[in-house]
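**Q** Single-letter residue listing:
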Amino acid sequence: MNKIWLIIRREYITRVRKKSFIVTTLLIPIMMFGLITLFVYMAIKSEEKQKIIVYDESGIFENQLDTTQESYTVLYEKIKPGETNSAFIERNDADIYLHIFPFVNNAPDSVHIYKEGGVSLSAKGFITDQLDNIYQIKQLQDAGINKTQIDSIQNSSINVKSFDLKDNKETNSEIASSIGYFMGFLIYMVIFIYGAGVMRGVMEEKTNRIAEVIISSVKPFQLMMGKIIGIALVGLTQFMMWIGLMLILQLLLPFLIPGLGDVLHGGASMTPEMQQQMNAMGTGENMGMIQSLMNQNWGLILGCFLFYFLGGYFLYASMFAAVGSLVNEDPQEAQQLTIPITMPIILGFIIMATSVKDPNSSLSVFGSLFPLTSPIVMLARIPYGVPLWQLLLSMTLLIAGFLFMTWLSAKIYRTGILLYGKKITWKEVYKWIRYS
Amino acid sequence: MYFSISNDISIMLRLEHLKKYYATQKAVDDISLHIKKGTIYGLLGPNGAGKSSLLRMVTGITLPDEGKIIFDGQPFNANIHSINIGYMPEERGLYKKMKIGEQILYLAQLKGLSKIEAMQKINYWFKKMDMHSWWNKKVEDLSKGMSQKLQFVTTVIHNPKLLILDEPFSGLDPVNSEIIKQEIYALAHTGTTILFSTHRMEQVEEICQEIALINQGKVILQGNVADVKNQFKRNQYKLVIDQALQGFEQQVVSNNDFEYVLQFSTPNESKALLNHCLQHNYHIQTFQEILPSLNEIFIQQVEGTTASRQFTN
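Order-wise, the sequence lines are chains A and B.
According to our numbering, the first sequence is numbered sequentially starting from -18.
According to our numbering, the second sequence is numbered sequentially starting from 4.
Hints in this document: simulated from the structure, not taken from any laboratory.
Note that the coordinates shown come from a computational prediction; the quantities given were computed from them, not determined experimentally.
A few of these clues could be false.
To be verified - Once the Cα atoms are required to be at most 20 Å apart in a straight line, the calculated EDC-like pairs of lysine to aspartate or glutamate come out as:
#	chain 1	residue 1	chain 2	residue 2
1	A	403	B	93
2	B	99	A	185
3	B	29	A	185
For reference, chain B alone in the conformation it holds in the complex (with noise of 0.2 Å):
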């Protein structure tokens, strides 16, 4: 073969041309990706890319067609690594009318968990999430907001060293959204890889350290965020000064008070226009390079495909 399993003991997740088709469409179509150890990994793309085609063949729900999943350094195995494995699907749910105590218990013990085991951890929990009073209600008897944090609770209750969440703040008010956010920080922060997709921008920018964009079965786009806003960089800067600019007329692409918008060819040319202040001892309240938002190099990327329109809402 033309890959070899790595031995790289940093690299939790990597996908080898991973493909997976269907009678009418390519859903993935030939993706590799390595997701390092503790990182919190943002899958991006527009509905219908392939994002959860993708996730359920790293949860062993399905098969790929063609290509491998080394899993912590393992050819993965679902009936092994599932146990490692904690998967919140897009569509979510629970037994309605099945007591919450006894559902997670449930939940642990196939995941694995001894009886004992899992009870600790629903403790640890319940306490944690202010949930003590939950163990006999159902799931019918929960607020919307409440049965999302016990979702989160019943995926995250065996320790995985590998989460995966299918657009996890879809439909979460702002102070649950918060919660969960927090609860994805600690986790990684203890060392747990987090694999979450999204067609959310925004969320992807403040949460996540590395990112693949994925369109149409295929990743267009992979790598740190930094770096990823710096390879699409315009040299573009922002300078917010106590008086009007002299000189520079020719860069100013928009100007509102003495707020300024510049556009060089090059960066060196930000340098001189950072002499040209101090030389004029301008009072420089703000210099700063303007990096792409996410949202604009992914509409940028996929424009031109079906899927553009989604980004632009």
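For reference, chain A alone in the conformation it holds in the complex (with noise of 0.2 Å):
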């Protein structure tokens, strides 16, 4: 136990101190908080202020564009007789010309956005929108429909709930599928990069040469494990300090973007726009999403979290080390070798894009029970909510497929380990494991 201890350490202690280590460790975070910070502010800024200058011929939408919202200011303006269109924005100082045509048989027959650059999406969408709109008010006041009647049916929208039958508790499918979605996919990321770091460890003492020294003192099987739990806590150890350093990082938001504090906590500061938003999305839907994100199960979340990474890391990462044994310097040969374990990842990852819309399919529960495939297709259904005996017979198989491969990969590992300048077929290691 002490020698497999003093192997864990060694491993652990290499590779936190290792520049790589660190630098992945601090960046990630910093960038994801960029990238985090760039949509937020987005989000809020949007786009410099626009001036839009309209000349309209049919005389309906005069004075009727929203001029309350920020990104866009609206002026109306005749255009003056044989003066172009670029002359027209200049002598208006406007970024934007909206040429509405006189309209034929109350039918709308043309409008024409000029701006230079061509136009924006958002302020395209913003135009047809607002024109949308305002006509459709115009031909239901037509026909004989009161103001007061017309905002009361654009207003009303239909509140759609859904609950989990067996609970009654609401539910919400868009964040259960992005919850699972990022669980699934973020095992599957570390599947691959600790799993990958525990071959290439294997192949470096292989390569070296130290194995043989090491085995000589230590059996195989600590030298394997050693290495695998080393590595395990490494990530652990990366994953902590990301949670730590976003953690921290998110504390630094309102000072970078100030004002963002007011819309979070739905201060009096809310733009027009966005309380129009917020009507428009339904009552309460922002409040709605919270709750249903406080009513997902988070500590059975973590939880499976957490044992299916440790469970889909370890299963793999012994048969990660076995075909880091079987390779001799080359590293295509390396490629080669791996493919029989990335297939399973890669088809457990395609099962769990199905499963994050189809949580309950044969397929999603074949997959979330299957071991080799169960890190990833448990955990985009999990959100959804698993039957409990589904749920301890994933585990039960992941903790048996553990130790059968754990078992398989040693004998590979062993004899892998000590061969030399050979290049090993698989019918070969198939003989190791019969018969030894």
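Build the complex: two chains, separate frames, hints provided.
**A** Structure below.
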């Protein structure tokens, strides 16, 4: 036990001290934080205010466009005879020229938007929405419906809520699927990154010929497990650091983007546009999302994440170690030999992608029980709620799979690690397993 | 069982009918050896004879298919006895990117030394081998000769009772070869048993007290170096005198100036030659029995097998 501890410590310390570890541990949260900040900033600030100059020949839209929101100011003006479009924009110091032609037979004939370098999608969307809305109201009014009635029609929206049949808790499939996808993806990445780390470590020991020296002091199994556990601890350390750094960085967010706190807390500075958006989304949709996030069984999700993270890692790490022990100097050989391992991981990822949409299909259920795919697929199903028997069966199978794979890999590893300079085929490996 | 655990305390390592078969060949095919404490024991044989397979079993890296290993009077158990064994494999290596000091400390601790003990031993060897300045260097910064010296130190750092060296001199330059050789003598002098394999006969003749020749997984010859040589002597004598030898024309095989090689059919005939020289009042510069070199003996022994070619180079 003492010796495996020494091995774990060496694996851990040499990796944690590496420059690449320190750089990725610090840089990834900063980069993620930077991206999030950028998104939040863009969402709040949006574009610079643009001035729209409207020449309305129809007379329907005059003074009707919404002038209360942040991104655009609107000005109504007539173009002079003989004046070019660009001269017209320039004269009014505007960015966008909206030309509405006269309507024939009360049907919209045509509307043109001019802007230097083309009209942006958001500007076009804004104008189209506004014009549609104004024109619809006009048509409704023409049909004899009064202004109050129109307002009440416009503000009505049907609010659909979904519930879990089992406990009548409100569910939100968008949230469930994003949580599931994120967790599944994370495990997929972890298996690949740290599994490959185990493989490279084993290859290093084999090609440096140190394995035989170490194995004269400890059992091959101890060396293999020491490396696997050491790297698992490195991974956990990295995760902890990431979470810690992200928490610290997000405290800085209000200082970087003033006014954000008010927005988040629904303060007075909420812009009319946002209010309107909230109204459009239906009463208290945001509250519903937060409620739904709270309703998630986070204890279960995080507990399962930890279990499947470790289970999946250990299952695959021992396989990666076995493959590493088979490789000689040639890295291309490693690529070929890893195919039997990468296939089930990728398969798991593909099943996971369908599971976030359809968590109870037979494929999803199979994927979440089969030990080689369950660490990825089950995580995608958990936010939707999984029957207890399936969860327990999946966990049992994963533990059994992990024990079996470790046993199998140890057999391959202890022979492979001492075999130099010979290309090893799977047929030979099969013999080692059978006869050793 | 037909053998019993020996209580002979002078035996360090006793191998009883060891066998290791691989799918394609019998790597070790019924080998029995006794290695006395404090001896330098040479395991000889051509490449592929089974030397490394045998050593790997003795270090506990692999398990024998059949047979027993008795280590210092006890049935061999790698978990207990690996502390008492130092092993330098033929394929050598260390962690390239790890600091040398930390690396030796790690390897010593894996052998069961406490940190304090290990540090004492490291200081002793660093001083002895003139390696003080190496602690913070990495293996990749060392020259080949330096890293071989380091490898040897890592092998003996825990004062093993049994030191197993697989081809210790392969790839060593003469200077380092000599250093390692002197260390082997010194360790043997303090009671360490040394078992090493090689296919270079001249080293064996120089260093070893006892030898075993292995070919195709079997022991062909074993015993004290002098005994083995005597066993294969051919009653050839070398005589150097200051004038032409009268008589013994029948026995003279070759002659160069006054240097003669004579072939007798029995050892007693050599006495007749000596008497003859004394009677004729020759000035005898050299009179010596010509013993075959181990190389010659082994070529003769493995002749006809696929391995014989490797000895003749």
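**Q** Taking the hints in turn, state whether each one holds.
**A** Each hint tested on the structure:
no.: 1; hint: A:403 with B:93; in the structure: holds, 16 Å
no.: 2; hint: B:99 with A:185; in the structure: holds, 9 Å
no.: 3; hint: B:29 with A:185; in the structure: violated, 30 Å
Figure legend: structure checked against the earlier numbered hints; the only hint not met is number 3.
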